[in-house]
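Peer 1: Spelled out, the chains give:
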Amino acid sequence: MKFISLSVLSIILSFSVNGQKKIEYVEYDLPNGLHVIIHEEHATPIVAVSILYHVGSKNENPDRTGFAHFFEHLLFEGSANIGRGEYSELVEKNGGGLNANTSQDRTYYYELLPSNQLELGLWLESERLLHAKVDNTGVETQRSVVKEEKRQRIDNQPYASFISEMFKRMFTVHPYNWAVIGSMEHLDAAQEEDYVNFYKTFYVPANATLSIAGDLNVEETKKWIAKYFGTIPTGQAINLYRDFENLSDGDFQKRYGTAKSVFDAKDFMNSKSPEAKKLIAQYAKLPVMIPRPEKDKEVMKSVIKDTIYDNIQLPAIFMGYRFPNQTSADSYALEMMNEVLSGGSSSRINKAVVEKKQLATFAFSFNYGLEDAGVGIFAAVAADKVPLDSIQVEFDAQINRMKTELISQEEFEKVRNKFENNFVSSNATIAGVAENLANYHVYYGTANRANTELENYMKVTREDILRVANTYLTQNARVILYYLPKEN
Amino acid sequence: MYKLLLFAGLMMPAILFGQIDRSVRPSAAKAPIINIKDSQVFTTENGITVILSENHTLPRVAFNMVMGSDPVLEGTKAGLSEMAGSLIMSGTSNRDKDQLDKEIDYIGASLDASSENIFLSCLTKHMDKGLTLMSDVLFNASFPMSEFERIKKQNESGLLSAKSDPGTMASNAEVKVNFPNHPFGEVMTESTLKNITREDIVAYYKRAFTPKGSYLVIVGDITLDQAKKLVDQFFGTWKGGEATKAESNDGQFNKGNRVIFVKKAGAVQSVIQVSFPIKMRTGDQNQLPLNVLNGILGGGGFGTRLMQNLREDKAYTYGCYSDLNITEDGSWLTIGGNFRNDVTDSAITQILYELDKITNEYATDEELNLTKSSMAGGFARSLERPQTIAQFALNIIRNNLSKDYYQTYLKRLEAVDKEAVLTMAQTYFSAKNCNIVVVGNEEVVERLKIFDSDGVIEMLDAFGEPVKETKAADITKEQLIERYVLAVTSTSSLKAADKKLKKIKSVSKATDLNMAQVPFPLKMTDIWMAPNMDGMKMEGQGMVFQKAIFEGTSGSSWNMQGGKKEMSAEDVAAKNKSNGLLPELNYGKTGMNFELTGIENINGKDVYVLKVMDGQSETYEYYDVATYMKVKTVSIRTEEGETTEMSTAYADYKDVDGILFAHSLVISVGEAGFSGTVTSIEVNGKIDLKEFK
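Order-wise, the sequence lines are chains A and B. Following the numbering used here, the numbering of the first sequence begins with 1 at its first residue and continues without gaps. Following the numbering used here, the numbering of the second sequence begins with 1 at its first residue and continues without gaps.
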């Protein structure tokens, strides 16, 4: 009874990190389908207000690529009650900061505010969700801005096209085929109607997760959420309302067979006329269908090898493998495998490719985990005068070793320690907590993974790592890209 | 390919809420009280100032050992300290690099070093192990030769990469032009890298890594007692000399705008950086109001003037910011961003417009309030990071700030008014003395000239060095001279040219010269008379400043200060090698030593370079590859140990009696620059040689 074995103790300890506070939160759905997560934490008098829209480049129409990211820009243009440029002004003049980002899977907006401005943040986000301004003026401006963003972040940066070049070859069926930034021709070709339809389809409460963290009072926060978000119409009623706001009398009549005048302009949802009530109830029952691609099932069957000429000085190599999606059970073992290969100075790739053989100025591997699929990437920028073939040979040797030998006990301990450290650091800011909770809810179906994620890593064995290396590092099915300097 | 999902939530009946008026903007609740926790400060016997900011939210801790020495000039070994920084983690006398890397990674920690600090971050439970490794590196870094060679090679490759990275190229050029003879203005190049030896690195480490004057900043899950004990245990025995103190200058202040172009082949955007130094050091009482000014102009956020004008209004860019850097060793402002090629000049115009406007007009109350609130909010948000609290304490100590500097920050910020902001702008900013660095495609160069006060764009390479790219010439020196002569005389054979030139007996040319430092215009008269005489005179305000005459076998020069001087026999011999109205035509006959060195690029234009030596001076003549016209000469002459360099740029060639003469000149001698316009050219007129004696 008295003796608890040391090994059992260390397992218990690894499951409950010393002193790590549990992240407490409340979550619920509003009747209109909006998912709400609230985390209370009073260390600093600030709050993070965020909304994750479950729409990314993978939801785009193949001849309208770049829309998801474009909306990230467009939806700062204002709303029925917020003028052009006022989003940022209102946040900044109230001492806050704001930004947004877009991936293949989601679009994420957030404000970081002094805690006494929480209500402002909620109002701002509810305006963006209910009736953002989607018109030609905003489209024109942001189209040019996005083109500049593409030039700055991709076209003018050495090697920056490698993700899109890799994905283009790896995903021929799934919409991961195209880059998040998309096609500028598509954005040019699109009409106002295309933009309006995208907004009506994806920017609806049932496709959004509101995640709030920081110095707040949960009950008061819930009241404000009910006020600003609870009043947003359900189902297609939100689009009925948007059309009511934007269409002319004639167009509205044509579309709905009802005159705009039957609705109460000041209190649309509580319109008195029976005709209005009937229409609102009817549209509230109609769900908004969110088009989502099938999870990717494509299997790579061969090696695709290509050369890309870029404005660079040093050649580079990028090798890509098909990995499972980020929520698959194997993804934990794959991430730990990647840590052995590329985590820190003592990692195998750094030691072999950069330090011992000096083949590359830098070399690394990483896992690009997404909702519908994953990609494992090996990358190296060659040292001066080193041929890319010799780097590939060394990468292959490392891959082969990973597939034939168990990693050492020492390496195993090392990566476990590393993941423990990462886990502790991942919730260091309230902005990070808000984002983690939203991500875990949307992709994994439970926000509580913010508290339990480490366990999944701690369950991985050395044998698991050997197994996933053999399953996914397929030498006869991969993409190999050589980047060479363009002749000027 | 697509399937449609239904959301359960959608099937529920809509619940209607009471009316809300969405046009009413929520007002703020009561402002939260901002508390800045005090840091603990103590010093050790060997000279370390320890700053501790406790924070027990997460079980982790960070130690940052910051050295107290000032940066010093590295000259021909530029990049030495940077390279030393990247070698510190290369192993110790107790652990080779592999062992060290393994032990750090094993505890999941990070241990990094630069030329002036070593930083450890780890979980609290691994703190002892982490500090064992950190102190080993601090005391015993061994700089093995093999690692030195490897890092050197890696730097060579890195320098190659820098040539394709527009951001690095721009900042290299920027520091070079703002901070000559200053540690900030030193950039590692292939040649300075070659000069760095392992001994240099070891010497740097011994000098710079000393406890005297150093700061140890500890943040995280640790108590004061623990910290004291650990500091004593791990750093108590550390010994070293005094920290190096070095005064740095404030940077180089321009008179007039200077355009600097760095070519990046195939660029689809121009990186623009408009910059100038600022006479200020950290802790200056003007720092806060200057920060407010910068915030209004473009110091972050979307609501700034630069962002609203260049992104939201004109859509020239993804982002345009002004970046104010106030440091202990020198300060500067940079305004910049990335802009598509065809709006490069428009973007510069708008940046200069905003800069000019903010130095001439009061900021509006709205933008002042916006910026102050935004800064106050940023200040409050930064307090979330325990590092911020420790940084505050470090700043107070390093810059002799008052103890309550950060406690009173918000109050002092609130007090900044628009008068103060305008005063700051007028004291430190100007749209007329900027360095305008553009990294981009050659196609944009021509459109940048208008921004340069002397119209001459400086071309720098990726490392901020003047461009000297020479390609082999595709013709011989004789062919070049022939084509030049045919072009200038508008003839199709040397015979025809000769015939035309023979008819010219004299030329007298008058040029108006303007010089920034001289408030009145100068007039220069040049003459030439067959077969081999020439002269010049410069005058202004009714006074003659300089004269010179050469009459074939003798000559003299005179200037206001030095009086008259006869030409020496060597001078005459040299002068006779440049014979005729187009002396180039005679280089082959007069014994002139000349060679075609190749093709270089000036202001985006390819030119042939003809090196000409007459025994007294060395002259480089530049001829346009497309038109064969002479575009520039640079003449270097050393007399009595002093070297004078004079360059003349020629443009606006116009026909006068069948010969093309340049009508626009830009002359620079040493620091002085003149821009000249030819007002008259008389051929075969009467000339009085006495005027030039």
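No wet-lab data here; the hints were simulated from the structure. Treat the hints with care, as some may be off.
Stated by the list, open to error - FRET-style restraints, in silico, Cβ to Cβ:
#1 B:414 with A:172: 46 to 52 Å
#2 A:40 with B:36: 21 to 27 Å
#3 B:281 with A:358: 21 to 27 Å
#4 A:458 with B:57: 20 to 26 Å
Said to hold, decoys possible - So these bits of chain B aren't anywhere near chain A, every CB distance computed over 12 Å:
#5 136
#6 155
#7 207
#8 221
#9 323
#10 403
#11 589
Claimed, not checked - Only part of the chain B face toward chain A is listed, based on derived beta-carbon distances under 8 Å:
#12 105
#13 106
#14 568
#15 569
Even glycine gets a Cβ: it sits at the ideal position worked out from N, Cα and C.
Peer 1: For each hint, tell me whether it holds in the structure or not.
Peer 2: Against the structure, the hints:
1. B:414 with A:172: 46 to 52 Å: Given range 46 to 52 Å: violated, Cβ gap about 60 Å.
2. A:40 with B:36: 21 to 27 Å: 23 Å, holds
3. B:281 with A:358: 21 to 27 Å: Violated: the Cβ-Cβ distance is about 42 Å, outside 21 to 27 Å.
4. A:458 with B:57: 20 to 26 Å: Roughly 23 Å apart at Cβ, these two residues keep to the hinted range, so it holds.
5. 136: About 15 Å separates residue 136 of chain B from the closest Cβ of chain A, which puts it past 12 Å; holds.
6. 155: 9 Å, violated
7. 207: 26 Å, holds
8. 221: For residue 221 of chain B, whose nearest Cβ neighbour in chain A is about 7 Å away, the distance does not exceed 12 Å, so it is violated.
9. 323: 16 Å, holds
10. 403: Nearest chain A Cβ is 22 Å from residue 403 of chain B, so the label holds.
11. 589: 41 Å, holds
12. 105: This hint holds: residue 105 of chain B lies near chain A, its Cβ roughly 4 Å from the closest one there, short of 8 Å.
13. 106: Holds - the Cβ of residue 106 of chain B comes within 8 Å of chain A, reaching about 5 Å at its closest.
14. 568: For residue 568 of chain B, the interface hint is violated, since the closest Cβ of chain A sits about 49 Å away, which is over 8 Å.
15. 569: 51 Å, violated
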